[in-house]
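Please model the entire structure based on the sequences and the hints provided.
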Amino acid sequence: DPSYEIIDFEKALKLKEYTHAAHCCIFSRNPTVLFDYDQQYKSSALISMQMRFDGTLGFHGGIIDEGTDILTGLNRELKEEINLKSTFHVTHEDHMFTHVANSKKFCYHFYAKEVSKEEFQSIEYDTLCADEYGIETFGLVRVPMFVMHDHIRGLPTFLKNQFAGCAKIQLLNFLVLKELCSCDELNVYLNKS
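With the first letter of the sequence shown counted as 1, position 185 gets the number 185 in our numbering; the numbers rise by one all the way through.
There are no misleading hints in this set.
Only pairs whose alpha carbons sit at most 25 Å apart, straight line, appear in this in silico SDA-like list of lysine to any residue:
{"#": "1", "residue 1": "K192", "residue 2": "F35"}
{"#": "2", "residue 1": "K178", "residue 2": "R142"}
{"#": "3", "residue 1": "K117", "residue 2": "F88"}
{"#": "4", "residue 1": "K168", "residue 2": "R52"}
{"#": "5", "residue 1": "K85", "residue 2": "F53"}
{"#": "6", "residue 1": "K85", "residue 2": "R29"}
What the hints contain is simulated information worked out from the structure, not anything from laboratory work. Quick caveat: nothing in here was measured; it's all calculated off a predicted structure.
Below is the structure:
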């Protein structure tokens with residue numbers, strides 16, 4: 001999408017007149033075999049997104065209050081939205097990329113936090129006790145990291161959903177940068193979606 005441009009994090013911080021938002025994907029590299037009647041599908045990872053109050057899919061996080069450090073604001077949002085414990089706080093090392101939408105005067109900072117399968121499941125469970133559960137966020141959603149035998153259901157169908165802001169672009173970049181999908185695979189999936 002040409003309206004979103006990747007920008008250096010430090011350069012983005014200098015854009016004081018822009019609104020800043022930060023989001024995080026919690027994920028676990030967890031090859032798992034799933035079953036559908038007589039078929040087997042291999043899921044490459046557990047990846048979290050959320051159903052937002054407006055009916056769109058997005059990542060955990062949100063707008064950072066003016067004058068607030070990006071990480072401080074993001075970790076506050078993660079506590080409110082998914083009840084994330086401080087042991088899983090996002091750090092500078094988790095930063096993946098920043099997008100800028102100059103026409104909207106918006107900067108989107110994206111982070112990815114890798115955890116174990118057990119930690120991922122614990123985070124999922126804790127989401128139900130978050131302050132904003134049922135208000136701002138309507139629940140955690142796992143991204144289906146597999147393609148079914150018809151080459152349509154699974155990830156290609158998931159990509160047909162309505163995403164908030166640049167969440168779909170963030171998801172696609174995340175999948176490639178973390179080597180969970182290749183660009184070629186994603187192009188095929190996007191053509192089917």
